[in-house]
Amino acid sequence: MTDQPIRAIYYDGDSPVARRVTALGHGDAITIVDQAGATIARWDLGRMVAIDPPTGALPGILARDADGAERLIPDDTAPWPSARGAWRPWRRLHRRAARVALLAVALTVALLAVTVFALPRLAGAIVALIPPESERVMTEAMVRNAVAELAGGRRPAECRGQPGRDALSRLTGQVMAGLDDPPHIRLIAVNSPQVNAFALPGGVIVVLRGQIEAATSPEELAGVLAHELGHVVARHAMVGAVSEYPVALTFSLLFGSVLGSSAHAAIAGELVIRRHTRADEYEADRLAYEIMREVRIDPRPLARSYARMARQFESPPAYLSTHPSDAERAALFSRLDWPIEPLLTDAQWRALRRICG
Amino acid sequence: MTGGPTGATGTVGRVRLDPTPEAVALVIRNTILTLATFGFGRFWARTRWRRYLWRRIAVRAPGADHDDRLEYRGEGAELMLGVALYALALVPVWIALQLGYFVMGTETVGQWTRAFVMFAVVILVVASVSRFRARRYRLAATTWRGVGFEQGGSAWGFLRASSGWAVAAIASAGFLVPRLRLARQEYLVNHARFGALPLRLECDPARLDRAWLTAWPWLAAPLAYLMATEAEAMIALPFPEFQITATGAWVGMLALIIGVSAMIIYRVEEMRVWIEGLRIGPLRARLTARWRDLLGPIFGYLAILIATGLIAAMIWAARLEAIEDALGGPLADLAGRAILPLALAIAHMIAWPLVFQIPFLRRALAALEIEGLDQLAGAASPAPRPPATGEGVIENFEID
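Chains as they are written, first to last, in the working numbering: chain H, 484 to 840; chain B, 1051 to 1450.
With the rest of the complex left out, here is chain H:
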């Protein structure tokens, strides 16, 4: 039985020439006949696919098979398949992308695994190859800029009160005595009211004036210094610098674009970086604990300091935090107990607290 002939445009897939044809359906095939009545192609209905259905005024596109370039564009724009129901069984082109998609997903998962889990470890090995002296030279300008930025135009940017500096050096020396192989460090007291201290690459520890003034005892400040010393020993700043850029790059490539949909890429990358940072903080706490036990620094002032901060500042959810929570750290350090030895005299402590004048 032969179906009603359908007018169409035919492309042979070889030559960029459109040909006006008539398609005749019969049994399991259609015959494509040109205007002179010559048969120019015969398509097997079982292999024939619909690339695109008709949409509005647009005709649909039929292909001889899923791979080839031969095309038949019927004039009729009525929706599939009612107008040409007799031609079935053709099928809609099922985009054969499953294998490519699988490969893409596998590669993406592998890439994320490398970025999130392997790279921080690899970064540690890379940093171990860089001599600390080179690290100091490399990061000198960065430290200078950081100090200027933190001081925010206050003069002097670096606190230089000599009695205070002597006391700070003494306190630092006492803390460093807790290490078997103390690194070369540079301690900078910066004229800023913020309550903070941190380690920078190149063995630099920055203590802000606000942190010194907020400390209630030399032991509390020594605990802070021990924690930052832990970061220096583990070279966290350098490891972070090496491992964070690839995280940002990978997430930017996978999740979004620089101008377009990059907001979620930035957030995702940030969350991974914060997870790494939390791990670094735990390690620095552990090293601080070892130093304080070795030198017999009283851990309770540090515990009280964390407890005070826990009361003052709301802790973010764990996944957003760059640090373990203050309450958690307060609980940890308040449980510690060992014989203690005093660190500074009252006069030295007073001088230290006036280091910025």
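Honestly, I wouldn't trust all of these hints.
Stated by the list, open to error - Derived contacts from chain B toward chain H, CB cut-off under 10 Å, selection only:
id, residue
1, 1144
2, 1244
3, 1246
4, 1274
5, 1277
Stated by the list, open to error - Have a look at the derived ranges for each label pair, beta carbon to beta carbon:
id, chain 1, residue 1, chain 2, residue 2, range
6, H, 581, B, 1072, 20 to 28 Å
7, H, 614, B, 1086, 47 to 55 Å
8, H, 582, B, 1259, 29 to 37 Å
Worth flagging that the hints you see were computed from the coordinates, not collected in a lab. Beta carbons: idealized from backbone N, C-alpha and C, even for Gly.
Chain H is already provided as a structure; the job is to place chain B on it using the hints.
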């Protein structure tokens, strides 16, 4: 076949875009898909959009009773694989770059400048290779009248062909930018085929130079002023001791606005010269639109982006306390960093296809006249589709 006036008369073929209201629904669906999948869905969204757009570009040969439409044969998964492969290749490059900074040092202005040059060279290489590969994939995924396009040559050949002009363009303070852009385009077009038919680009560079002469001074003059008065601050941007002055900042801002506008006007004229120089076998084209006819969609898109950015920033500033109360400090901090890029991303995802692409293509294609359609013939054998490894980076930099 399909409705609509043909406009094809004499020996001239016409092209037109037939957008439908479905475009709005598709763009909204694509935007939601992209956001809901944290960006992964954008590969499929982009593919669906290209398939929609290609299919609605109709060429009507003179005397023909039907349209010949483009067909896009790419797949979302291919784009995703391309991005994953690129990320895999770029991560070691990025680590090497960071280590290079450390080894070379960045503590003095001289060292920082050297590090910046190293970064610029890496970006130039990555962008060039990506640009070539993206073109290769897009051409291979496009067919017309059942015949595919193919990009020959190589990414390194493309880089070699354009890097000399890139250096010359920088050395001439941008004066030779049209020659750089033409060299790139010539390499791509002259190595491409439509089936068995070679593509050629035969442009008169003097036409581009003349067009550029009306745009370049607007870019060069503020740059020259800034280099004369703020050279140190401009070169040593990250060093706080070299601060750009308020006048310099205003001139820079003005230069950016005027420069972008001048560049857009030049690019429209450049498009005309390129189109008129393009040969596909016996085919040649002419663009009858004036450049100012095509500017509306571009500036409309930019206006929407700027307005969105301003509105998002104003809402954030006005409601900051309420947001902090509702979300808490850290979440509000994160939201603060995300809200502007997110608002811009949504505006871009909606305005780019609907406000820029469709109106621009509609106007430009309607003004396109093609000669030689009746002489098309010849054997053709489409090549297998290459991987989409350039797409990811080009899309990520939004430079193509």
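Verification of the supplied hints:
1. 1144: With a closest approach of 5 Å, the residue 1144 of chain B hint holds.
2. 1244: 7 Å, holds
3. 1246: Interface hint status for residue 1246 of chain B: holds (9 Å vs cutoff 10 Å).
4. 1274: Where the cut-off is 10 Å and the nearest Cβ of chain H is about 28 Å from residue 1274 of chain B, the hint is violated.
5. 1277: 23 Å, violated
6. H:581 - B:1072: 20 to 28 Å: Hint holds: Cβ distance 27 Å, inside 20 to 28 Å.
7. H:614 - B:1086: 47 to 55 Å: Check passed, 48 Å falls within 47 to 55 Å.
8. H:582 - B:1259: 29 to 37 Å: Roughly 49 Å apart at Cβ, these two residues miss the hinted range, so it is violated.
Hint compliance for this structure: hints 4, 5, 8 are not met, and every other hint is.
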